[in-house]
Amino acid sequence: MTISFYLNGQPVEVDVLPHRRSTDVLHEEFGLRSLHRTCQNQGCGICLILLDEQPVLSCLLPAFELRDRDIWTAEGLALLKEFGDIVEGFGSVGVRPCPICGPARTLATEALLRRTLRPTRQQAKDTAASIRCDCCSEARVISAVLKTARIREARLHAQ
Amino acid sequence: MPSKHTAPRTYFPRTIAEALDIHASQQGAVFWAGGTHLAQSSHNRRYIDLPRVVVSLGRVEELARASRSEEGLELGSMMSLDRLDSIGRNALPLGLPEALAHLGSRPLRCRATIGGHIAMRDRMGDLTGLLQLLDTQIETRYLKLRRGRRKPAISSRKLSLSQLNGPEGLQDGELIVRLSIPHGDWTHGFALKIPVTGNGRRQLNFYALARVDKNVLNQWRMALSDGQSGILRDRDLEVAMAGKPLPLSKRDMDALEGSVEHLTRVWENRPCEREIAQRLTRGILTDIST
Chain A
1 MTISFYLNGQ PVEVDVLPHR RSTDVLHEEF GLRSLHRTCQ NQGCGICLIL
51 LDEQPVLSCL LPAFELRDRD IWTAEGLALL KEFGDIVEGF GSVGVRPCPI
101 CGPARTLATE ALLRRTLRPT RQQAKDTAAS IRCDCCSEAR VISAVLKTAR
151 IREARLHAQ
Chain B
160 MPSKHTAPRT YFPRTIAEAL DIHASQQGAV FWAGGTHLAQ SSHNRRYIDL
210 PRVVVSLGRV EELARASRSE EGLELGSMMS LDRLDSIGRN ALPLGLPEAL
260 AHLGSRPLRC RATIGGHIAM RDRMGDLTGL LQLLDTQIET RYLKLRRGRR
310 KPAISSRKLS LSQLNGPEGL QDGELIVRLS IPHGDWTHGF ALKIPVTGNG
360 RRQLNFYALA RVDKNVLNQW RMALSDGQSG ILRDRDLEVA MAGKPLPLSK
410 RDMDALEGSV EHLTRVWENR PCEREIAQRL TRGILTDIST
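Respectively, the protein sequence lines represent chains A and B.
According to the working numbering, the stretch in the first sequence is residues 1 to 159, in order.
According to the working numbering, the stretch in the second sequence is residues 160 to 449, in order.
The reader is advised that the hints may include incorrect statements.
Unchecked claim - Ranges between beta-carbon positions, derived for each pair:
#1 A:GLU13 - B:GLY328: 40 to 48 Å
#2 B:PRO430 - A:ALA129: 48 to 56 Å
#3 A:LEU80 - B:LYS317: 32 to 40 Å
What the hints assert, rightly or not - According to the in silico footprint, chain B covers these stretches of chain A (three or more CB under 8 Å from chain B):
#4 19-30
#5 53-67
#6 140-153
Don't read these hints as lab results, they were simulated from the structure.
Computed from a predicted structure; not experimentally measured.
Ideal Cβ placement from N, Cα and C applies to all residues, glycine included.
The task is simple: from the sequences and hints, build the whole structure.
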């Protein structure tokens with residue numbers, strides 16, 4: 001099946017079986033190394049991508065669902081200025097996620113900030129809890145997400 | 160289920176009529192909503208075990224619409240649980256925001272749809288008990304051959320959520336298009352999901368709705384579920400509790416506890432669940448009374 005979609009802002013096309021897991025399609029066909037699979041499809045969150053601005057688990061997404069969608073991975077996000085807010089926010093509270101969960105945490109934070117610039121603590125907690133990795137404490141990730149939101153809001157107001 | 164070498168055929172209809180037509184013309188076709196449950200229960204590492212023919216509903220705009228009216232909330236069946244959550248606490252019926260908060264992580268809620276949630280066949284969705292208490296109605300569409308016509312026409316019917324898993328439930332080719340949740344005048348709503356075992360494999364869902372006016376319990380509804388064996392509910396007791404003054408007398412409280420004991424007898428090998436159900440019932444009635 002030939003599937004056309006937008007990947008990190010660029011139109012792409014790939015010929016794959018429709019029931020292949022999207023994590024593998026993006027990782028193997030497009031060389032996106034930020035995507036990992038660490039669980040048996042039980043929702044660890046490490047394979048998170050943005051699909052039409054929504055955070056979704058790519059391991060639970062069959063390839064056919066990519067058709068005509070706008071997909072973003074950490075590689076694409078890293079090229080946008082929004083990425084700088086997240087790096088600054090996380091860095092300022094001393095949170096340095098490991099290379100396995102870092103890309104997913106970045107995307108989850110971005111997804112939240114695209115929904116609201118003033119997230120509640122509960123929303124920040126949901127975002128932190130959506131990625132299961134022991135490299136940093138949930139409380140500190142929550143602080144990092146809230147700090148990023150303040151940085152993003154200040155930057156947008158300054159423009 | 161096909162092997163990894165037999166790729167499923169996939170269709171992307173844009174209207175309900177188109178979706179029903181495709182389903183009718185393709186043997187073994189299955190409507191595909193968010194697919195989270197199917198994908199999670201598929202253990203093949205590289206491929207998701209899909210039916211032979213998949214009719215993806217993600218492009219049918221009509222199914223993703225939501226509206227509010229004087230009667231209540233109308234939700235298209237393809238509305239994601241995340242979008243439902245984003246409607247906001249004030250616009251959702253009591254208990255629903257709490258129930259949604261217990262439902263997995265945001266990435267899962269972004270894919271899971273309300274229609275897919277209630278249509279699961281091998282397990283009971285965590286919202287189902289509460290939606291039943293709220294008198295949720297389901298509207299479906301299906302193709303029916305009418306006398307004197309060559310081509311089947313689209314028909315619709317409405318059914319209650321409790322009918323969904325019974326003999327009058329969804330038939331092959333029948334598509335859930337909408338859920339209607341009436342407003343109701345509840346003053347208290349509770350939705351609790353209690354993990355019974357550390358690994359989360361056993362859980363207890365507890366839902367209760369109450370309308371209290373001037374220290375009188377005018378309406379009371381309660382449902383229990385373990386996510387597997389259906390919804391436990393005692394409608395006779397709900398009727399009997401109406402009009403009771405609060406706090407409940409010892410006799411009324413005993414009747415309530417007796418009802419919970421009777422209801423949960425199907426869990427005879429699960430003393431933990433039964434004990435939790437009793438404690439929650441007592442606790443919530445105390446909470447309402449104060």
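Q) Against which earlier hints does the structure fall short, listed by number upward? A) 2, 3 and 6
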